[in-house]
Amino acid sequence: MDVTLVLQGLLSGLLFGGVYSLMAVGLTLIFGVMRVVNFAHGDMMVWGMYLAYLLATRAGIDPYLSFVVCAAALFALGLLVQRGLVDRIIDAPHEMQILLMLGVALVLENLALVAFGPEPTRVRTPLGAATLWIGPVFVDVARLVTFVVAVALTVALSLFLYRTDLGRTIRAAADNTYGALVIGTDVRRVYAAAFGVGAACVGAAGALVSPILPFQPSTGLSLSVTSFNIVIIGGMGSLLGAFIGGLLVSVAESLGAVFLKPSLKELVSFSLLILILLFRPAGLFAKRTS
Amino acid sequence: MRWVVGAALAVLLALPAVLSSYAMTIFILIFFYAFLGQAWNIVGGYAGQLSVGHAAFVGVGGYTAAMLSIEGGLTPWVGMFVGAVLAALLGAIIGYLGFRFGLRGFYFVLLTVAFAEICRIAVSNIDALGGPLGLYITFTGDPRQFQFSDGRVYYYVALALMLVATATAWAIERRRFGMYLAAIREDEAAAEALGVDAFKYKMLAMIVSSFLTGLGGTFYAFYLFSLQPNTLFGIPLSVEIAIRPIVGGAGTLLGPIVGSFILTPLAELSRLYLGQGGLHGAHLIAYGVLLIGVVLFLPEGAYPRLRRALQRSRGAPFSGNERSHAAPVSAHPQSEPADERSHAAPVSGHPQSEPASRPPLQLTLLVARGLSRRFGGLQAVAGLDLTVQHGEMLGLIGPNGAGKTTVFNLLSGFLTPDAGDVSFRDRSIVGLPPHAICRLGLARTFQIVRPFPRMTVLENVRVGALARHPQAVAARARARDVVERVGLGARERVTAGALTLAERKRLELARALATEPSLLLLDEVMAGLNPTEIETIIELIRGIHESGVSILLIEHNMRAVMALSHRIVVLSFGEKIAEGAPADIANHPKVVEAYLGDEYVRAAPA
Numbered sequence: 424m425d426v427t428l429v430l431q432g433l434l435s436g437l438l439f440g441g442v443y444s445l446m447a448v449g450l451t452l453i454f455g456v457m458r459v460v461n462f463a464h465g466d467m468m469v470w471g472m473y474l475a476y477l478l479a480t481r482a483g484i485d486p487y488l489s490f491v492v493c494a495a496a497l498f499a500l501g502l503l504v505q506r507g508l509v510d511r512i513i514d515a516p517h518e519m520q521i522l523l524m525l526g527v528a529l530v531l532e533n534l535a536l537v538a539f540g541p542e543p544t545r546v547r548t549p550l551g552a553a554t555l556w557i558g559p560v561f562v563d564v565a566r567l568v569t570f571v572v573a574v575a576l577t578v579a580l581s582l583f584l585y586r587t588d589l590g591r592t593i594r595a596a597a598d599n600t601y602g603a604l605v606i607g608t609d610v611r612r613v614y615a616a617a618f619g620v621g622a623a624c625v626g627a628a629g630a631l632v633s634p635i636l637p638f639q640p641s642t643g644l645s646l647s648v649t650s651f652n653i654v655i656i657g658g659m660g661s662l663l664g665a666f667i668g669g670l671l672v673s674v675a676e677s678l679g680a681v682f683l684k685p686s687l688k689e690l691v692s693f694s695l696l697i698l699i700l701l702f703r704p705a706g707l708f709a710k711r712t713s
Numbered sequence: 005m006r007w008v009v010g011a012a013l014a015v016l017l018a019l020p021a022v023l024s025s026y027a028m029t030i031f032i033l034i035f036f037y038a039f040l041g042q043a044w045n046i047v048g049g050y051a052g053q054l055s056v057g058h059a060a061f062v063g064v065g066g067y068t069a070a071m072l073s074i075e076g077g078l079t080p081w082v083g084m085f086v087g088a089v090l091a092a093l094l095g096a097i098i099g100y101l102g103f104r105f106g107l108r109g110f111y112f113v114l115l116t117v118a119f120a121e122i123c124r125i126a127v128s129n130i131d132a133l134g135g136p137l138g139l140y141i142t143f144t145g146d147p148r149q150f151q152f153s154d155g156r157v158y159y160y161v162a163l164a165l166m167l168v169a170t171a172t173a174w175a176i177e178r179r180r181f182g183m184y185l186a187a188i189r190e191d192e193a194a195a196e197a198l199g200v201d202a203f204k205y206k207m208l209a210m211i212v213s214s215f216l217t218g219l220g221g222t223f224y225a226f227y228l229f230s231l232q233p234n235t236l237f238g239i240p241l242s243v244e245i246a247i248r249p250i251v252g253g254a255g256t257l258l259g260p261i262v263g264s265f266i267l268t269p270l271a272e273l274s275r276l277y278l279g280q281g282g283l284h285g286a287h288l289i290a291y292g293v294l295l296i297g298v299v300l301f302l303p304e305g306a307y308p309r310l311r312r313a314l315q316r317s318r319g320a321p322f323s324g325n326e327r328s329h330a331a332p333v334s335a336h337p338q339s340e341p342a343d344e345r346s347h348a349a350p351v352s353g354h355p356q357s358e359p360a361s362r363p364p365l366q367l368t369l370l371v372a373r374g375l376s377r378r379f380g381g382l383q384a385v386a387g388l389d390l391t392v393q394h395g396e397m398l399g400l401i402g403p404n405g406a407g408k409t410t411v412f413n414l415l416s417g418f419l420t421p422d423a424g425d426v427s428f429r430d431r432s433i434v435g436l437p438p439h440a441i442c443r444l445g446l447a448r449t450f451q452i453v454r455p456f457p458r459m460t461v462l463e464n465v466r467v468g469a470l471a472r473h474p475q476a477v478a479a480r481a482r483a484r485d486v487v488e489r490v491g492l493g494a495r496e497r498v499t500a501g502a503l504t505l506a507e508r509k510r511l512e513l514a515r516a517l518a519t520e521p522s523l524l525l526l527d528e529v530m531a532g533l534n535p536t537e538i539e540t541i542i543e544l545i546r547g548i549h550e551s552g553v554s555i556l557l558i559e560h561n562m563r564a565v566m567a568l569s570h571r572i573v574v575l576s577f578g579e580k581i582a583e584g585a586p587a588d589i590a591n592h593p594k595v596v597e598a599y600l601g602d603e604y605v606r607a608a609p610a
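Residue numbers (the working numbering), protein chains in the order written: chain A, 424 to 713; chain B, 5 to 610.
Where hints are given, some of them may not hold.
[To be verified] A few chain A residues that don't get close to chain B, going by computed Cβ distances all over 10 Å:
1. L434
2. L488
3. V492
4. W556
5. V562
6. V564
7. Y601
8. P637
9. N652
[Unchecked claim] Computed beta-carbon distance windows for the label pairs:
10. A/R511 with B/A126: 36 to 42 Å
11. A/R703 with B/E488: 45 to 51 Å
12. A/R703 with B/A567: 32 to 38 Å
13. B/P437 with A/R511: 53 to 59 Å
Derived by calculation from the structure, the hints in this document are not laboratory data. Computed from a prediction, not measured in an experiment: that's the story for all the values here. Note that CB positions come from ideal geometry on N, CA and C, so glycine has one too.
Make a model of the complete structure from these sequences and hints.
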């Protein structure tokens, strides 16, 4: 086995992992606050990608700038889905919630199919062709920028959750909804904010990944499933777990592609998932609860 | 009801004579998806273990039959059963991992998704199975090869599959198996406490469900003549399988069929009309919107709603669960003569199955020695010795947090002790699961009552009665006795979720009693009741005790516990601080101290 190849796999996996982390942080935030699993997570992300695509092709805005717009748009979409739909079934049995979100996923995926067709596409950016060499391995500049921005956004989100009043309220409601209600929190507003922010995460992640990952409407499902894997591996509801889990899964898949073959890379993350489910179902970074 | 079923069947049998070939295709798909939904419903609906990985069983079944036919020349009529067995094996593996490791809800969903995806990726990478392009079956039109030139044959085969699965579900629903699955879905811990081996029954449900689904794989393969890993193992197919029973009504017999009759034509027609205009995916948007609508406006599914509407129009008197319609026992004379029952009035007085009525060979019924259990930094129970004599009524009291409920959990198998031993009727029961302990004759109630909310009072109690009377009819008669005994006779058809607290407490008692225990652990059955209700329940407990059941009672109501108990054990911070007759306990300085603090003891004149 070529050491360079392994190093290369490690590095590109790590760099790609920033996007996985951002995506999983969004999912775990929504779950942590509402105990609702957003089955439309990947499809929302695909909409972030297509939005970046539209802004790049129609208005000539680079995805590394337009991710802000995409995040805002997805925030609005998340808010809408939460207020219009999720809010009504917040106390329903989980199979009903899963079903509702599957419905949302179907609608989002197929709206994209109707609007953009089934062909894979990708967003071009001047950074796309640039590479850097660090010793024997090369760094794809687009991947590097994507990684840096994604990690910066994750850090910003943590600061928001830990340093601002709304952020603290969100964490309080996630810890104990009833307690938050008792002390006069407007829990509905918190839910809407959490869903909006969670969706904004994939809006940004989608735009950031659009230059390096070819996508089509059906990409959403596999992204959703990957997000689920990551949050289970990291620990449902744990921000740190989602962040590290994202990097871990990405590196594992990347190495899987090197050691096995590219079409088998998902096998690695699913096997990892099953091991975690069986032996550490609370995840690697589970929050300690009494 | 029989008339309706017969008429519907006759119509379906005659239909091919008038159907166009396109309409026939739609009907074939309706039956096929109803069949898959029916199979899914056994584990996803009745047992409440949501699977979004059933496509894996279709894939394993289909690929097996196709490979055996292509490579080995084995007729699919045999191959379909080989495939189904392999699918059941996969189901058993998934079930074993999921249930043994206690995965529930979303976690179980993900386990099923993960297995299906692993199968899909693996099959796509195995060249012998055709890789990502899959397998193609050449059309010969030979019926021995499961191929028919006449579309009507497919119609009848699909109809037969649907009927077989429905009959299977019907048979399960009427038996103990079905009652147990419903109890597990409603509250697994409560079911365990009533003698239900939840793991075993969930495994059985998974195996039956995956076997049937595997059979369907062969039909799928030989109806479409092609198998691709992405369609046969993919998540979209798993969703299609699960959606119909949920839309129709999960855990109901006709739900999967109703769901398929609603969704399949909708999917096919919108695919035809919207897809033709170049709007690929438009039909799936409609589908998604419908799903959202069902969740928001018809959350229990279409079939239960339909059934209620029909009953209302016919003026049926009660809206009970259909299981309770199956054989209205009140009309059956098979229950034992009333005089015999009133003779043996005490509920546990059935001579053939009541251990307590035998002359006791040993005087002590239950012995716990050095029982200890720690939770993190908290020593909840520390070296507790406890004995319950045959025929005794023992009170267990202590301030909040003293560890009383933990003791119950240790005795009934819900927790295993860190140290110490428990023997019940001269047999060590440490490490036995709750359902096994219940079957040995040690039953418990829960402090916070845990009824099966969507089942009726009678059904709740039947689950308990089935522990001693595996036959559904006998269990029903037994349950009815117990329900009468605790004074819930007038409420037996009410769903447990609609009961008042006092009624729920009595239901909790009735369920435990129906398992015919020789020792009954009662955890605060009086908490939250008013004085009148407490009087009633004290009388009830006395009656149960007089019928030969020994009782261990946790109670905060001092007057009741003093009046009822022969002997009292006092627990404080996990340790036994006093033991003795009620009168001695009431004045025991350590007890007073534990309840009121040592300052009170010092201040009070001894």
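Check your understanding: Beyond 10 Å from every Cβ of chain B: is that where the Cβ of A/V492 lies?
Key -> Answer for A/V492: holds, closest chain B Cβ roughly 25 Å.
Practice item. Please confirm whether A/V562 is truly not at the interface, meaning its C-beta sits more than 10 Å away from all C-beta atoms of chain B. Key: 29 Å, holds
Exercise for review: Report holds if the minimum CB distance from A/P637 to chain B is greater than 10 Å, and violated otherwise.
Suggested key: Holds, since 17 Å exceeds 10 Å.
Exercise for review: Would you check whether the claim that A/Y601 is not at the interface survives, using Cβ distances to chain B and the 10 Å cut-off?
Suggested key: 16 Å, holds
Check your understanding: Per the hint of 45 to 51 Å, is the separation of the Cβ atoms of A/R703 and B/E488 within bounds?
Key -> Between A/R703 and B/E488, where Cβ atoms are some 49 Å apart, the hint holds.
Check your understanding: Was A/L434 rightly flagged as not at the interface, with every chain B Cβ beyond 10 Å?
Key -> 25 Å, holds
**Study point:** CB-CB spacing for B/A567 and A/R703 relative to the 32 to 38 Å hint
**Key:** With a Cβ separation near 50 Å, A/R703 and B/A567 fall outside 32 to 38 Å, so the hint is violated.
Exercise for review: Report holds if the minimum CB distance from A/L488 to chain B is greater than 10 Å, and violated otherwise.
Suggested key: Check passes; 30 Å lies beyond 10 Å.
Point to revise | Distance restraint hint 36 to 42 Å, applied to the beta-carbon atoms of A/R511 and B/A126 | key: Since A/R511 and B/A126 have Cβ atoms about 40 Å apart, the given range 36 to 42 Å holds.
Exercise for review: Could you tell me whether the CB distance from B/P437 to A/R511 stays inside 53 to 59 Å?
Suggested key: 39 Å, violated
Exercise for review: Examine each Cβ of chain B, and state whether all of them lie more than 10 Å from the Cβ of A/V564.
Suggested key: 31 Å, holds
Exercise for review: Check the non-interface label on A/W556: least C-beta distance to chain B beyond 10 Å or not.
Suggested key: 33 Å, holds
Hints 9, 12, 13 from the list above are not met by this structure, while the remaining hints are.
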